[in-house]
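Start from the sequences, fold in the hints, and give me the full structure.
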Amino acid sequence: MNALNPRPGPLPNTLQLTDERQLRHLLDVEGLGRPLLEQILDNAESFAGLNDQGVKKVPLLRGKTVANLFFEPSTRTRTTFELAAKRLSADVMSLTMSASSTTKGETLLDTLRNLEAMQCDMFIVRHAEAGAAHFIARHVAPNIAVINAGDGRHAHPTQALLDVFTIRRHKGELSRLRIAIVGDVLHSRVARSEIHALNTLAAGEVRVIGPRTLLPAGVERLGVQVYHDMDEGLRDVDVVIMLRLQRERMQGAFIPSEHEYFQRYGLTEARLALAAPDAIVMHPGPANRGVEITSEVADGPQSVILRQVTYGLSIRMAVMSMVMGVNPKVPA
Amino acid sequence: MNALNPRPGPLPNTLQLTDERQLRHLLDVEGLGRPLLEQILDNAESFAGLNDQGVKKVPLLRGKTVANLFFEPSTRTRTTFELAAKRLSADVMSLTMSASSTTKGETLLDTLRNLEAMQCDMFIVRHAEAGAAHFIARHVAPNIAVINAGDGRHAHPTQALLDVFTIRRHKGELSRLRIAIVGDVLHSRVARSEIHALNTLAAGEVRVIGPRTLLPAGVERLGVQVYHDMDEGLRDVDVVIMLRLQRERMQGAFIPSEHEYFQRYGLTEARLALAAPDAIVMHPGPANRGVEITSEVADGPQSVILRQVTYGLSIRMAVMSMVMGVNPKVPA
Amino acid sequence: MNALNPRPGPLPNTLQLTDERQLRHLLDVEGLGRPLLEQILDNAESFAGLNDQGVKKVPLLRGKTVANLFFEPSTRTRTTFELAAKRLSADVMSLTMSASSTTKGETLLDTLRNLEAMQCDMFIVRHAEAGAAHFIARHVAPNIAVINAGDGRHAHPTQALLDVFTIRRHKGELSRLRIAIVGDVLHSRVARSEIHALNTLAAGEVRVIGPRTLLPAGVERLGVQVYHDMDEGLRDVDVVIMLRLQRERMQGAFIPSEHEYFQRYGLTEARLALAAPDAIVMHPGPANRGVEITSEVADGPQSVILRQVTYGLSIRMAVMSMVMGVNPKVPA
Numbered sequence: 001m002n003a004l005n006p007r008p009g010p011l012p013n014t015l016q017l018t019d020e021r022q023l024r025h026l027l028d029v030e031g032l033g034r035p036l037l038e039q040i041l042d043n044a045e046s047f048a049g050l051n052d053q054g055v056k057k058v059p060l061l062r063g064k065t066v067a068n069l070f071f072e073p074s075t076r077t078r079t080t081f082e083l084a085a086k087r088l089s090a091d092v093m094s095l096t097m098s099a100s101s102t103t104k105g106e107t108l109l110d111t112l113r114n115l116e117a118m119q120c121d122m123f124i125v126r127h128a129e130a131g132a133a134h135f136i137a138r139h140v141a142p143n144i145a146v147i148n149a150g151d152g153r154h155a156h157p158t159q160a161l162l163d164v165f166t167i168r169r170h171k172g173e174l175s176r177l178r179i180a181i182v183g184d185v186l187h188s189r190v191a192r193s194e195i196h197a198l199n200t201l202a203a204g205e206v207r208v209i210g211p212r213t214l215l216p217a218g219v220e221r222l223g224v225q226v227y228h229d230m231d232e233g234l235r236d237v238d239v240v241i242m243l244r245l246q247r248e249r250m251q252g253a254f255i256p257s258e259h260e261y262f263q264r265y266g267l268t269e270a271r272l273a274l275a276a277p278d279a280i281v282m283h284p285g286p287a288n289r290g291v292e293i294t295s296e297v298a299d300g301p302q303s304v305i306l307r308q309v310t311y312g313l314s315i316r317m318a319v320m321s322m323v324m325g326v327n328p329k330v331p332a
Numbered sequence: 001m002n003a004l005n006p007r008p009g010p011l012p013n014t015l016q017l018t019d020e021r022q023l024r025h026l027l028d029v030e031g032l033g034r035p036l037l038e039q040i041l042d043n044a045e046s047f048a049g050l051n052d053q054g055v056k057k058v059p060l061l062r063g064k065t066v067a068n069l070f071f072e073p074s075t076r077t078r079t080t081f082e083l084a085a086k087r088l089s090a091d092v093m094s095l096t097m098s099a100s101s102t103t104k105g106e107t108l109l110d111t112l113r114n115l116e117a118m119q120c121d122m123f124i125v126r127h128a129e130a131g132a133a134h135f136i137a138r139h140v141a142p143n144i145a146v147i148n149a150g151d152g153r154h155a156h157p158t159q160a161l162l163d164v165f166t167i168r169r170h171k172g173e174l175s176r177l178r179i180a181i182v183g184d185v186l187h188s189r190v191a192r193s194e195i196h197a198l199n200t201l202a203a204g205e206v207r208v209i210g211p212r213t214l215l216p217a218g219v220e221r222l223g224v225q226v227y228h229d230m231d232e233g234l235r236d237v238d239v240v241i242m243l244r245l246q247r248e249r250m251q252g253a254f255i256p257s258e259h260e261y262f263q264r265y266g267l268t269e270a271r272l273a274l275a276a277p278d279a280i281v282m283h284p285g286p287a288n289r290g291v292e293i294t295s296e297v298a299d300g301p302q303s304v305i306l307r308q309v310t311y312g313l314s315i316r317m318a319v320m321s322m323v324m325g326v327n328p329k330v331p332a
Numbered sequence: 001m002n003a004l005n006p007r008p009g010p011l012p013n014t015l016q017l018t019d020e021r022q023l024r025h026l027l028d029v030e031g032l033g034r035p036l037l038e039q040i041l042d043n044a045e046s047f048a049g050l051n052d053q054g055v056k057k058v059p060l061l062r063g064k065t066v067a068n069l070f071f072e073p074s075t076r077t078r079t080t081f082e083l084a085a086k087r088l089s090a091d092v093m094s095l096t097m098s099a100s101s102t103t104k105g106e107t108l109l110d111t112l113r114n115l116e117a118m119q120c121d122m123f124i125v126r127h128a129e130a131g132a133a134h135f136i137a138r139h140v141a142p143n144i145a146v147i148n149a150g151d152g153r154h155a156h157p158t159q160a161l162l163d164v165f166t167i168r169r170h171k172g173e174l175s176r177l178r179i180a181i182v183g184d185v186l187h188s189r190v191a192r193s194e195i196h197a198l199n200t201l202a203a204g205e206v207r208v209i210g211p212r213t214l215l216p217a218g219v220e221r222l223g224v225q226v227y228h229d230m231d232e233g234l235r236d237v238d239v240v241i242m243l244r245l246q247r248e249r250m251q252g253a254f255i256p257s258e259h260e261y262f263q264r265y266g267l268t269e270a271r272l273a274l275a276a277p278d279a280i281v282m283h284p285g286p287a288n289r290g291v292e293i294t295s296e297v298a299d300g301p302q303s304v305i306l307r308q309v310t311y312g313l314s315i316r317m318a319v320m321s322m323v324m325g326v327n328p329k330v331p332a
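Chains as they are written, first to last, in my numbering: chain A, 1 to 332; chain B, 1 to 332; chain C, 1 to 332.
By construction, these hints were calculated from the structure, which means they are not laboratory data.
Any given hint could turn out to be false.
Non-contacting residues of chain C with respect to chain A, defined by C-beta distances greater than 12 Å in every case (computed) [what the hints assert, rightly or not]: (1) Leu15; (2) Glu20; (3) Pro35; (4) Ser74; (5) Arg138; (6) Gly172; (7) Arg212; (8) Leu274; (9) Asn288.
Simulated restraints on C-beta separations [unchecked claim]: (10) C/Leu274 <-> A/Ser74: 50 to 60 Å; (11) C/Leu95 <-> B/Asp231: 50 to 60 Å; (12) A/Ser74 <-> B/Gly49: 54 to 64 Å; (13) C/Glu45 <-> A/Pro142: 50 to 60 Å; (14) B/Gly49 <-> A/Pro142: 11 to 21 Å; (15) A/Pro73 <-> B/Gln225: 46 to 56 Å; (16) A/Asn143 <-> C/Arg247: 49 to 59 Å; (17) C/Arg247 <-> B/Val55: 43 to 53 Å; (18) C/Leu95 <-> B/Gln225: 52 to 62 Å; (19) A/Glu260 <-> B/Glu296: 54 to 64 Å; (20) A/Asn199 <-> B/Pro73: 40 to 50 Å; (21) A/Ala273 <-> C/Asp42: 50 to 60 Å.
Every residue gets a Cβ at the ideal spot worked out from N, C-alpha and C, and that includes glycine.
Quick look at the structure:
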């Protein structure tokens, strides 16, 4: 199975954009052109300023109802979407979806129809199956927006966007940067979205680093440099994006042992010294400390891991406003 | 046991009305006179308009605290009450009540006293035992309102009201209508409330259709026409209200098999053709497709099943405002 | 083990006060001077007035985010903090914390760092281990306030404060009062906080009553009179504070049997007659009826047990405002 091409149905840009090429759903960063990506990042910038103020709330989505549909548990992602919705003054409903609901079954469609009838305005969807958010977006009423909060190993666009936002905020102009994505690219729904976003924004050079077993076949066709030796791959990069080793997703023997994985691909202070002196270190969290990254690096001066969490709120506020057609300008 | 007369204690109209004959609690549609029923429907009408607008929120219950006391799980009903409360700007607390609390035990009274002391303003009560909401209404402090969200097989007044609202909205003047209620009347807490509401509002003709085992003894004394043959019963009706086959409530053999039930009482397109050409089809949801109704009919042009969900919010907003003594007039 | 001295680390007053001696965290009533205690009580008084009004909500904490971190389940305490936060217009997140998180482990610190990055403003902490809230307060970012909602058998300051508030409201000037604390002082996190608060506010006389096995060694050094005979201890007191028999906390045989405990220390109407005729009876709830108190007394005319619940909201609103540096004056 090729993790890079599981997309079912029509091209997402026919689905996630309005006729005026505004954001209608956020399903995937693929198909979002450079102007739209930059608009999302700029809008997130204005929310980032807001979040540093005492009153972190704006009335942009007052009277709107956001339904969290998490078919796969994720306290962390659910919490940040919930917080983002509350800071936009929306009402939030969190529904625990039974595992038996499927993307094709009548049950899911029935549930969607009922939530539509309750006049929800937005569905935040997390599902173990690739294409679930696309399926839902294809079937919802015209006034409802869908945001993909992770579908299988397919995509996780808000995480990819917050990563790009972090890079732009801390390192500036992307075209001048060398960026390395390290680790379990095969099972990562973030890495794929990220490579597309970085390509669209014309990042200088994107590298992927990992063992052959954890890199998808044909990954170089996405326009990235492939490294199997970490020391080589890290040399002179400006940004190191570590991926979480998806232990729960691995069936069979992708890696010989966690110990050996750490020996070859764990990010230590010694290895980080091979990158540019002011390189930043990123991780989507939660980190497997001692497996893909040491605590010294994760908590060290070059780490921006916790800033990513903060920026995640800004990106989610930006995207949620935009799919509601609301001008996200906030008071300065 | 007779499902039609399980009511313990005093007549509900001495309990659910104020001295000025305004709504104080909503426990049962029995005892609500025609003017009050019509006032509820009219108020719901103004909320229905609101719900079509972009901002679905009014400040009518700002600063009020609504406690959801669900002794019996029901995501769907709980969610609609929660949404209705939020759209009225109330604060909502959802309490999972332990199954061991009983309507008579000290534990329940202790819990009520504590919630009163926390200055809750309204209790939404769902309980497996008939009379639970009445029991609570008899024991709460004078400033607290109780809404029955379903007590055993006894009553479910907001569902009955939203059904009547649906009929009035789609078919107009009730006195000119023939209305059939089909299926498991015996185990339905909705059917009973519904028959009373339709009688009070002087509906033209009310029929119940079902096998002898699923109709309560003496049901004809409620002023309804009884049919055991569905084709006969459906002839020329303007409204078909299908009931959910309460499989989880049936102890013993009320029906030979679901297959045979469908053969005799399932609503198909062929059977629906016996009704008036512009008849509407209703169902409280979730439907057992292929048991009491086919998907063609449930999703077909005559179905108003999803409109019922929407109207349910309007009815709940109307009732919650009224028991708080708040004028539910909303901006046009 | 001595329950009276489990405090780890520096004195709490260096931790819970700002340089201007304002409340920064609320961890323990120890170390709070008389002016600050009286300020808390006065502020709670203004919220108590608010709570009697129709609109029980003020915008004092609008735009603030409160995170409930309950490592130990407590529906009741969590609910009152949640309600207090909502009535201050804050946004509330309730996080169920896994039992495996420890006060010293990396996991807890990681969680804290992530919640900080989500720009939470306040942590309400309940934990089975003494010192947990202090540990968290020592490690949070400078802009975050911590409120101890109970840590092991160590402290439960908002409960102690609401008890003192209750006494002051119902019996007036503390210096003229005789106050008895009865029962399981050893396992009570409330009793310890309470004795300190009463001493600081110069209460006339504080007595503790209980069997030797349920009183901490050296309790008399806290400035209280010790009684093992309940009839003696209750004589002429103005306030009787009953403690809950912490059956779930007792390992081994602290009492011969519940029956015998009731015989010697249960509060009956006959025993209460030994106190001053207008004495009030308090209990933190939920009461073990028939073990430490009879229903006649708990529900009787001298009981102020349910008033304590109401005052608990006012105290929590006062403390939450103060640690946010917000002037808690509310419109009269």
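Structure-based check of each hint:
1. Leu15: holds, 23 Å
2. Glu20: holds, 19 Å
3. Pro35: holds, 27 Å
4. Ser74: holds, 20 Å
5. Arg138: holds, 17 Å
6. Gly172: With a cut-off of 12 Å, C/Gly172 remains clear of chain A, as the shortest Cβ separation is near 38 Å.
7. Arg212: holds, 46 Å
8. Leu274: Given that every Cβ of chain A is farther than 12 Å from that of C/Leu274, nearest at about 53 Å, it holds.
9. Asn288: The assertion about C/Asn288 holds, with a minimum of 34 Å to chain A.
10. C/Leu274 <-> A/Ser74: 50 to 60 Å: 59 Å Cβ-Cβ, so the 50 to 60 Å window holds.
11. C/Leu95 <-> B/Asp231: 50 to 60 Å: Cβ of C/Leu95 to Cβ of B/Asp231: about 57 Å, so the range 50 to 60 Å holds.
12. A/Ser74 <-> B/Gly49: 54 to 64 Å: Violated - the Cβ-Cβ distance for A/Ser74 and B/Gly49, about 38 Å, lies outside 54 to 64 Å.
13. C/Glu45 <-> A/Pro142: 50 to 60 Å: holds, 54 Å
14. B/Gly49 <-> A/Pro142: 11 to 21 Å: Distance hint for B/Gly49, A/Pro142 holds at roughly 20 Å.
15. A/Pro73 <-> B/Gln225: 46 to 56 Å: Since A/Pro73 and B/Gln225 have Cβ atoms about 51 Å apart, the given range 46 to 56 Å holds.
16. A/Asn143 <-> C/Arg247: 49 to 59 Å: holds, 55 Å
17. C/Arg247 <-> B/Val55: 43 to 53 Å: Holds, since C/Arg247 and B/Val55 (Cβ atoms, about 51 Å apart) stay within the stated range.
18. C/Leu95 <-> B/Gln225: 52 to 62 Å: holds, 56 Å
19. A/Glu260 <-> B/Glu296: 54 to 64 Å: The hint (54 to 64 Å, Cβ to Cβ) holds, given that A/Glu260 and B/Glu296 are roughly 59 Å apart.
20. A/Asn199 <-> B/Pro73: 40 to 50 Å: This hint holds: roughly 48 Å between Cβ atoms.
21. A/Ala273 <-> C/Asp42: 50 to 60 Å: Holds - the Cβ-Cβ distance for A/Ala273 and C/Asp42, about 58 Å, lies within 50 to 60 Å.
The structure fails hint 12 only (numbered hints given earlier).
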